[in-house]
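Sequences listed follow chains A and B, in order. Just so you know, we're using numbering that gives the first Met the number 0 here: the first sequence kicks off at 0 and counts up by one. Just so you know, we're using numbering that gives the first Met the number 0 here: the second sequence kicks off at 0 and counts up by one.
Do not rely on the hints blindly, as some may be mistaken.
Unchecked claim - 30 Å max Cα-Cα, derived DSS-like pairs, lysine-lysine:
no.	chain 1	residue 1	chain 2	residue 2
1	B	Lys297	A	Lys88
2	A	Lys55	B	Lys214
3	B	Lys299	B	Lys373
4	A	Lys158	B	Lys299
Simulated from the structure, these hints should not be mistaken for laboratory data.
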Amino acid sequence: MEYQDEDHLCFTMEEFALATENVSSRQRMSRKRNYDDDTRVYKSKNLEIERRRREKLSTRLLMLRSINPIITNMNRGTIIVDAITYIEKLQHEVQRLSQELHQLEATSEKTAEAKVDEIDAVEDMKHWGIQAEVRVAQIDENKLWVKIIIEKKRGRFSKLMEALNNFGIELIDTNFTTTKGAFLITSCIQVKDGERLEIHQSKSLLQEIINDISSKSE
Amino acid sequence: MSSVWCGPKMYEESSCYDPDAMMAEGAEDCFPQMVSESEAVMSATPTQTHTHNTFAYSYSCGEDAANANGPIAMEHPQQNPYNYSNTQFVEELYSNQQFTYHTPTPDLLDLLHLPNPIPGDNRTNVSSVSYDPYLHLNLQQQQQPTLRELLPHMPALRNDFPFGGAAGGDDIQDFGNGLVDFTQQEVGKRRGGKRTKQFTSTTTERQRRVDLSSKFDALKELIPNPSKSDRASVVGDAINYIRELKRTVEELKLLVEKKRLEKQRVMMRHKVETEGESSNLDPAEYSESLRSSWIQRKTKDTEVDVRIVDNEVTIKLVQRKKIDCLVHVSHLLDQLNLDLQHVAGGHIGDFCSYLFNTKICEGSSIYASAIANKLIQVMDTSLAAASLA
Chain A
0 MEYQDEDHLC FTMEEFALAT ENVSSRQRMS RKRNYDDDTR VYKSKNLEIE RRRREKLSTR
60 LLMLRSINPI ITNMNRGTII VDAITYIEKL QHEVQRLSQE LHQLEATSEK TAEAKVDEID
120 AVEDMKHWGI QAEVRVAQID ENKLWVKIII EKKRGRFSKL MEALNNFGIE LIDTNFTTTK
180 GAFLITSCIQ VKDGERLEIH QSKSLLQEII NDISSKSE
Chain B
0 MSSVWCGPKM YEESSCYDPD AMMAEGAEDC FPQMVSESEA VMSATPTQTH THNTFAYSYS
60 CGEDAANANG PIAMEHPQQN PYNYSNTQFV EELYSNQQFT YHTPTPDLLD LLHLPNPIPG
120 DNRTNVSSVS YDPYLHLNLQ QQQQPTLREL LPHMPALRND FPFGGAAGGD DIQDFGNGLV
180 DFTQQEVGKR RGGKRTKQFT STTTERQRRV DLSSKFDALK ELIPNPSKSD RASVVGDAIN
240 YIRELKRTVE ELKLLVEKKR LEKQRVMMRH KVETEGESSN LDPAEYSESL RSSWIQRKTK
300 DTEVDVRIVD NEVTIKLVQR KKIDCLVHVS HLLDQLNLDL QHVAGGHIGD FCSYLFNTKI
360 CEGSSIYASA IANKLIQVMD TSLAAASLA
């Protein structure tokens, strides 16, 4: 539905563009002829623009009328009033349904899913022989490429991001993937102040951060 | 107007003149009118009051019967010319005023036909001659309601009043006055109508423009993030917002239904555990429709595109200012119970652009518009904090 409408709009715009080109070419030809004959024919510059604007507005009003089931009359004022009424009705419907959803959610019981996921994650890492590690490589004077593998747990990524932010480290290009119970993070990092980063210093800092996060989560 | 109303009067005078020409005696002039009036009274005698009147007439009839025998023979030739003149009078009224009253005509003819076949009625007519002035007054008073009852049409009643003489004239004048008043009222209404139309037409045009402008303003206020303020853009944004609200309503209905089914399952499980019996749930309940929805939000510095297919959520985030998106977004996703699966993106010039793939945890009932709204809120809050710092 949406894409078809967009295609229709594009088609309409193309038609308008073609019409505009034709009109402009005609105007040029007519002007040349008129100058040769030493006569002038006045034509308003805004004529086509105004016509296009009016047609655009009327087309959209018709579209607005078509998607609105509340129909009392076909004039413009009524189209707008009915649209306002329908929007308010839909907004009330959304509020009512969301409140009902929250009530149902509050009464229902919570499921213990996190523990199961965590246990599965640990087993998967052991099974596939994945170990936590940190690799750092120099890209530029101020930039380092970082590869981090850590155990998958909810909230670890956000904690890692927060820690890096606190140390003033900025991630430029980041790629984060979850696979087989582990997080794989590859990123290009640099310091916000533009200071120089050393490989060993950065690596030890990252390892310390990761160990801290792991110990806290355990 | 006046010429039309002079017609019946002139005819009335001519009708009075004809009996004079035929008969020299004055008493016989009143006789034909009395005959018609008495017949009208006798024809309307179902009520008790009329029966008393007829009884009085019969008593007087007994007394006069012995006195006058000669005039009885003269009744027949006198009635015939009166009937003829009456029919002419009616026809002339019809031609002059062009009234269409076919209904009362047969009643009048029936009334006139009554005295001919019955000779007893003739005797009562003879007796009434001696009491002309008194009976004339009584009959006139009784005549009006009876004629009104007989003839429902008002113009017909007024046409019959000339038989009474002066009373007829008054009625005619009243009718004329009524007509004049009606025309005056009609003229006043027309003028008033024209004035009000002209006045309201000029005011309505300006008022219509003001009303339309205020309606567009009201519509603009309802839309969460308007792009431009011209009318075509307002209408376009309204169309998109209505579609978005429709999708949200569908999504919420689906979630509510899913939640209810889940609740029923939990209750069934409890029953099974307590009773210790094994029971299979209906397979139809498990076959739910695949969830699909999407929403877009755009503010001055932030664009959010959220798409949900079943339990997977794809979030596209574009930030025009250079701040740390990942910290805030990852915290928000944790709060919303979205399990982060994949992130890709980074800084492109002064922009931050990220794509997040997450999964909805079981039991959570988050929906697209909630995710989008909260993301926008978090981004704007962090932007405000960054600008202050």
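Hints, verified against the model:
no. : hint                : in the structure
1   : B:Lys297 - A:Lys88  : 23 Å, holds
2   : A:Lys55 - B:Lys214  : 19 Å, holds
3   : B:Lys299 - B:Lys373 : 16 Å, holds
4   : A:Lys158 - B:Lys299 : 29 Å, holds
In this structure, every one of the numbered hints holds.
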